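Colleague: Build out the structure end to end from the sequences listed, making use of the hints.
Here are the chains, one letter per residue:
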Amino acid sequence: MTATIHIADVIKHYNKVEAVRGVSFDLAAGEMVALIGHNGAGKTTLMKMMLGLIRPTRGTIAVLGENPAAGEFSSRRQLGYLPENVAFDAALSGRETQAFYARLKREPVQEALALLDIVGLGDAAKRRVNTYSKGMRQRLGLAQALIGRPRVLLLDEPTTGLDPELRQTFYDVIQKLAAEGTTVLLSSHALTELEERAGRVIIMNRGLKVADGTLEELRRLARLPTRIRVKVANLPPAGRPAWLPATASYRRINGHIVEIDAAPNEKIELLRRATADGTAVQDLELIPPNLDELYAHFLRHAERPQ
Amino acid sequence: MNSVITIAAKEIQQAIRNRWVLAATLLLAGLALSLTFLGSAPTGTVGARALDVVIVSLSSLTIFLIPLIALLIAHDAIVGDMERGTMLLLLSYPVARWQVLLGKFLGHLAVLAFATCLGYGAAAAALPIIGSSFDSEGLAAFAAMIGSSILLGAVFVAIGYLVSAVVRDRGTAAGLCIGLWLALVLIYDMALLGLLVLDQGRNISGGMLNALLLLNPTDAYRLFNLTGFANVSLFSGMAGLAGSSTLSVQALLTALVLWILVPLAGAALAFSRREL
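Order-wise, the sequence lines are chains E and P. Note that the first sequence covers residues 38 to 343 in this note's numbering. Note that the second sequence covers residues 923 to 1198 in this note's numbering.
Because the hints were derived from the structure by calculation, they are not lab data.
Here are the simulated distance ranges between beta carbons:
1. P/Thr1094 / E/Asp46: 31 to 39 Å
2. E/Asp46 / P/Ala1187: 31 to 39 Å
3. E/Gly77 / P/Asn940: 29 to 37 Å
4. E/Asn52 / P/Val1179: 34 to 42 Å
5. E/Gly108 / P/Ile927: 17 to 25 Å
Note that this is a predicted model, so its numbers are computed, not measured. Backbone N, C-alpha and C fix where the C-beta goes; we use that ideal spot for every residue, glycine too.
Modeller: Given below as C-alpha cells:
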C-alpha cells in the first residue's frame, strides 16, 4: 500500500513560535483519519504545509508523490481542501463560485454544479454568496472540496455550523469517497461524531504528535477503565454490594444502579462476579472509554514532565 | 494560461458586480464630456482643431484620475484577498502564484481599458455634435492618448500590486497607495520645478532632467501626449519643450512599459515568498 501523504520529521517555526515540532506519519489511500488537538496544536499548520501554502522549516512532505512547497502543483488537481472559516468572493453566486473552481481544476463544470445539490445548496445556488448563512458557506466549501473526486481530502473543522442532518449527509459523502480510495484527513473538535467514523486518530498537542492509531489501539495504550453499569434489584440504601471487590471504585446512580470503573484486566472477573448467582443483577451496560476521555488522557500524559 | 484567463474573467465579473466598471466609466465619461463641451469655449469656432484641445485637457485629467482609479482597484488585490481568506482557498488549487497575479492584472487592466475607451470615446463622439471636425492626424493623436492612458493605468495597477504584496494589512496598503499617488502625481512635479528654479541651470543638465522625467511614469505619459504630436504641443504650450526635449517617443513608451514590468515582477517576487 503506497502512502498518499508522507510526512517525516517536519518542523515549522513562525519566528520564535514552534508550531510543529517534529511530526511524522504516513496516510494511505482509503484511510479516514481524524486529526485532533487544541487550538494551536499545529493541525492547521500541518494542513497548510501539505498544500504548499507554507514551507516546513525542516523535514520532508510528499503529497501524492510531489513536494507541495517546491512549486509543483499538478498533484493539487487531485486534492480537495476545506479551510477553517472558509471565505468566498461575496459578489459572485454559489453557482459562479463553484464553476470558477471547477475551471481552475479543469474539471467539467456541470459535474461540479451537481455537487451543489448533494450538499443541499440547490435552491440557493443562484444567490450571491454574501447573502449566505455560515452553514450555507460551509456547504459551498464542501462542494468545492469535492470537485473532481479528489484522491486526497483535507478538511479543517468541516462540520462546524452544519445542522445534524447535513452532518450525516456530509459523512456519508466522504465515507463513500474513502471507500473508493480517497485519503480523508479531517480535523475537528466534535470528537463524539468522529468516534464512529474515523478509522484512525492522530492526537496533536503543542506541535507534537502524542498518539496515533485506531480507536482500539488507543484504548489499549491508554488502559483507561471501562465503565460497567449494573442495575441491581433491591439495592440496599448504603454500603457496598457484597459481590464487589473491596478495591474497585464505584458510584451509585439513581439508587438502583451501580457504576464501576473496571481496569482492562479486571473487566472479565468483575462481570463474572456481577452475574454470578444470587446478586440480583437485572441489567448490565458496558461503556468503553470514548474519544473525549482518550483525548484527555493522552493530553495529560503528554503534559506530564518526563 | 487557461488558469490565468479563468482568474481574469472572474476579476472582470466581480468588477461588474461591484459596479466598479460602471463607476469608472461614468466618472471618466462625465468628466471627459464636460471638458469637451467647456473646453471648446475658449477656442470658439475659430479653433478648427477642437480635438487637440480635448486631447490636452483629457491627458491632464488622466494624470490625476487614472492612477487614482488604478490604485483603488489594485491596492486590495493581494492583501485584501488574504485578509478575507479567499486567497487561502485559491492557492490550494492547481495555480501558481504568478498566474494568480497575472490573471488579476489582466482582469483589472481590462476593466480600466473598457472604462477609458468608453469614457474618452464618448468625448470624441461628442465632437461632431459641437460642430468641430477632425482629420486623421487628430484621430491618431486621440487614439495614442487613449492607448497611453491605458498604459498609465497599467503602471499604477502594477504599483498597487507591489504595495499589496508587501504590506501586512489593507489599511496600510490604502495609506501607502494614497501617499504614492500624491507623491507621483502632485509632489514630484512641484519638487522638480522648485529644483529647476533653484538650480538656475547650473548643475542640472538636459540629460539629467530627462532622466528625472522618466523616473516618474506620469511625466513620461505627459511628455508622450503633449509633445508627441506637433499640433497638440502647440496648444499645450509645450512646443518649446517638445523642440528641445531629446526624449523620443520610443524612450517614453519604453519607460512606461518598464514602469509596468518592474513593479509587477517585484509584486510576483514578494507574493511568492509570502506565507499564508
